[in-house]
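Protein sequences, first through last, are from chains A and B.
Mapped onto the numbering used here, the consecutive letters of the first sequence carry residue numbers 1 to 600.
Mapped onto the numbering used here, the consecutive letters of the second sequence carry residue numbers 1 to 600.
These are calculated hints, taken from the structure and not from any lab test.
We put the CB at the ideal spot given by N, CA and C, even for glycine.
Fair warning: there could be bad hints in the mix.
[To be verified] Calculated from the model, a selection of chain B residues having no Cβ within reach of chain A, i.e. all distances over 10 Å: (1) A42; (2) K72; (3) H199; (4) G252; (5) I432; (6) D520; (7) T560.
[To be verified] Covered by chain B, per the in silico footprint, the following chain A stretches (three or more residues, Cβ under 8 Å): (8) 53 to 62; (9) 67 to 73; (10) 172 to 185; (11) 249 to 261.
[Claimed, not checked] In silico contact screen, one side only, chain B against chain A (beta carbon under 10 Å); selected entries: (12) V25; (13) A203; (14) G232; (15) E247; (16) G521; (17) Q522; (18) L524; (19) F598.
Residue strings, one per chain:
Protein chains: 2
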Amino acid sequence: MQNKFCKKPLYEVTRTLALVAMGAVKAELVIRNARLVNVCTAEIQEGIDVAIAEGRIALVGDASHCIGENTKVIDAAGQYIAPGFMDAHIHVESAMISVGEYARAVVPRGTTGIFMDPHEICNVCGPEGVKLMIEDARRSPLKAMSNAPSCVPAVAGFEDTGSFIGPDEIREMMTWDGIVGLGEMMSFPNVLSGNEQIHGELAETLKADQVITGHYSVPDTGAGLNAYIASGVRCCHESTRAEDVLEKMRHGMYALMRYGSAWHDMPVIIRAILDNKIDDRFACLISDDTHPDTLIQEGHLDHIVRCAIREGLDPIKAIQYVTINPATCFRMDHEMGSIAPGKCADIVFFDDLNDIRITRTIIDGDVVAENGRMVTEIGKAAFPDAVCHTMHVGETITADSFKIAAPQGAGGTVKARVIEIIPNRVGSFERIAELPVVDGCVEADANQDIMKMCVFERHHATGTKGAGFVKGFGFKKGAMAQTVAHDAHNLLVAGTNDADMALAANTLIACGGGMCAVADGQVLALVPLPIAGLMSDRPVEDVAAMIEKLSLAWQEMGCTINSPYMTMALIPLACLPELRLTNRGLVDCRTFTFTELFVE
Amino acid sequence: MQNKFCKKPLYEVTRTLALVAMGAVKAELVIRNARLVNVCTAEIQEGIDVAIAEGRIALVGDASHCIGENTKVIDAAGQYIAPGFMDAHIHVESAMISVGEYARAVVPRGTTGIFMDPHEICNVCGPEGVKLMIEDARRSPLKAMSNAPSCVPAVAGFEDTGSFIGPDEIREMMTWDGIVGLGEMMSFPNVLSGNEQIHGELAETLKADQVITGHYSVPDTGAGLNAYIASGVRCCHESTRAEDVLEKMRHGMYALMRYGSAWHDMPVIIRAILDNKIDDRFACLISDDTHPDTLIQEGHLDHIVRCAIREGLDPIKAIQYVTINPATCFRMDHEMGSIAPGKCADIVFFDDLNDIRITRTIIDGDVVAENGRMVTEIGKAAFPDAVCHTMHVGETITADSFKIAAPQGAGGTVKARVIEIIPNRVGSFERIAELPVVDGCVEADANQDIMKMCVFERHHATGTKGAGFVKGFGFKKGAMAQTVAHDAHNLLVAGTNDADMALAANTLIACGGGMCAVADGQVLALVPLPIAGLMSDRPVEDVAAMIEKLSLAWQEMGCTINSPYMTMALIPLACLPELRLTNRGLVDCRTFTFTELFVE
């Protein structure tokens, strides 16, 4: 695949690189006397120079003859250098910041490339949202290579999203410069059953000679996994058992081992490699979803590499897993992923191989970060209006909007189906609860830890909404609302009383989406996420601080579970068990049918 | 790169493969209970089934549910299966047989794919010759992936070839279905010096997103090797020292370790891997040039793999070097090179991992060879007239054509520059010899082991010819002629007397080129090579027998060195030291200048 992500295409600069290597033209930058982490041969080589010109590496070895009077020289004595780190599967939206801001957070940590799957924004804004992410990335030096989201909506027929992706949209996106593959194919049951539309998306990707990325999250490593891989899927980040990783690699699939903010699969699944003497060329380390506070406090791939080394992985292998292996996965290893002649000069520096802390990041031959901070400017963001005004709710929300009429002939209480959440897990249970009826309407009941909940369609102002009850968040008072509500990202509101729910909803409508907490008629905390209702336009530190404030507000309302807004965000995701609420109603996700709120 | 070499593109068959893996549609072929050489993880897995449909692998594991009443089942109990072998660098012309016939020789040996560089025929017939090779391959199941020859002529300005290749021709060839890369870039001095035309060829290849193959044959692993690799060259088969291999792999270049009929580099250079604990993903085994008798008696890649194992290489690694590694080198690993779902069903069978003898070859899901023989038909060859009539000599050759006039005022003898060959080496020496003058003409002198030699331009009937003397072949009588004369492949004639030389030359002109031996006015042996004067249209066994007869004739004339026709074939190759003869005259290859035949 032609690389559109380097300063210049190789075909424009081969002469210059040859002449620089020969010393006939002097290098722009020379790194001297480094300890090279050679990911090609998995060796440490001492005393290595690297000569750079036109954003690419001209020579690796002794570069004395490449230094002229205008050559910048970096003395790397005692320091390791490695190729820049690449994340083979990441949703930037999960960090709730723009791509440019994400770059500012991760580039100083050594990340020089990401393969992002912007399927959250695509659910809201469609392909235009994907294009925005690609454009936004261009104001930073980070190589943000994008996959075209494959599954919008996540579960067709059960919710309303802002957009729809099918084979036609995939064919179109495959022609874009910033697209390098198909986003995670979550609809694996449709792959296995031979669904025409889903296979149409796969076909459009393969015709464009691009890479299909996967999401195969079930424990079957037999027929199903084979069917999935045979359909052309090249990688998968959904392994939760060591045997998943082993079987994927045995079947020629890149196993992307995940260590995100919420999902810590890597320590378990890396046993596949640590406990078996196998060729690990198909192994990668990825983050998938990272919260702002993790980026600030722990880091990105540097953090994951350190964790993998702590688990017992050889440091050179760990570095291969975030450099040459992901590059090869995306068939871009001729352009990036190693410190070798002709490759993009994406290079990181660090002092300790067993505790890798990045001290300098070079992208395309430019020093872009040093000592944890960017040293080049990241341009100003420009987000088009359409992406910043995505709150299209089809009714004026008042307290009355949240009333749930009791069934005809109901007495003082009714039996209702309630979604019970499981703290720190993605699943939920269906419970039957007896709820009070007041003035013909069914009410929340804080004594049973049951809140009222509504999902308002917010993309096309259809005026549709789903209503139900949720159990387990511990709210004694108040309400919350958020537009981060996977995957359709409609307006999700839950609370103990209708007035606070209305205030929460209207607060988000007014600010273009985000997350907020309300109690006693006051807004306790607000995280405005004006970009598609998913991302802030502010710095990562500000967003982290706002989220911290939101967490405190949730606690004040009585919720003590960890990152509750994340658990909340999954309640409308109709591909997770058992009971979910979308804007179309209550979904039994065991049978994939709508179900009634009230029980006979 | 989109693979045009499988039965069907993956995008047409993903649905079927998924359904076969799931058992909803039954497989066409199932291999049961094999010992799988898993090149992805470098393991042997026992009791493995492989289900196949549409020429591709649908499932690897337990395929019980994939078997229907129309499924062909192969019981592989006790047998190993591995991916079909691929040769990452091969000149088919060196075997002096057509590509279809070459396939018949190598497919039963387990070769399912070759990356051929048809630069011999390209020197004679230009891109049309390359096209012919690609077309010819289509009558066999062998996947003959072609590189576009890069260096025609080999040394510009010193000889006349039938064709010329520059950036325009490369741009054109890159659009052909059968082309996957640029042929070996022998003109490495021009790469290093930044020559515009040579870098133009590299640029056209890179723009087409194809692979540049290399030929870097000097021992410098510093500036020169870096300059060469920085120019985009991805692989090289010209290593002669272990350190060459090591440095190439360290620089991210695929090291293609050669073990051809004449050049046995592998046992020496494989020490790079055997003596160093390194990641060997950049290692391949290749043949480069193989003679017909080697193909018949020893085999092809199977032979090279056996030899590598004898040198101490782990058998699984040896198999990786001819499967997944070359596939990855050409960025076709998503299509071939492993036994994994979705990949082309190119599979070989054998019984002993330490002495690999192929018993069955499957290509695209069809059993094509068993027990050393093809079991499918190879279609009839059809070679267009232009390719079969390439003898365009610009004069009627008689004994007088070979007269070499003595310099004015010469006495009974003259001093002349003579090419002295070195048996079993590619080099030559310049010698000064005193030669007899008879009737104003300088004569050969069998007593000094010096023959007369002429090179007639044979492509455009320009009537140009070069004349000189050669020492070291041991001829007591007779003459030889051949059109296999690298790289221009003009008509090369050498002999002890003008009459036999004329007969030899005219014999080849009459039969369309080839090799012949003549003595005392009789043709002792003739190897007609009507396809471009380089290849026979007959079976490999016949060609081997004819060459054997030719060897006997050379011996009868007095020549005792090994494969003398190979040494002879290199005499016009002006990129080898010290003295060479082309149709334009005598070339001093140390200074790259024409030189005088007679010395003051």
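Now the hints, each set against the structure:
{"no.": "1", "hint": "A42", "result": "4 Å, violated"}
{"no.": "2", "hint": "K72", "result": "19 Å, holds"}
{"no.": "3", "hint": "H199", "result": "5 Å, violated"}
{"no.": "4", "hint": "G252", "result": "3 Å, violated"}
{"no.": "5", "hint": "I432", "result": "36 Å, holds"}
{"no.": "6", "hint": "D520", "result": "55 Å, holds"}
{"no.": "7", "hint": "T560", "result": "45 Å, holds"}
{"no.": "8", "hint": "53 to 62", "result": "holds (count 7)"}
{"no.": "9", "hint": "67 to 73", "result": "violated (count 0)"}
{"no.": "10", "hint": "172 to 185", "result": "violated (count 0)"}
{"no.": "11", "hint": "249 to 261", "result": "holds (count 5)"}
{"no.": "12", "hint": "V25", "result": "9 Å, holds"}
{"no.": "13", "hint": "A203", "result": "4 Å, holds"}
{"no.": "14", "hint": "G232", "result": "5 Å, holds"}
{"no.": "15", "hint": "E247", "result": "8 Å, holds"}
{"no.": "16", "hint": "G521", "result": "55 Å, violated"}
{"no.": "17", "hint": "Q522", "result": "55 Å, violated"}
{"no.": "18", "hint": "L524", "result": "50 Å, violated"}
{"no.": "19", "hint": "F598", "result": "39 Å, violated"}
Hints 1, 3, 4, 9, 10, 16, 17, 18, 19 from the list above are not met by this structure, while the remaining hints are.
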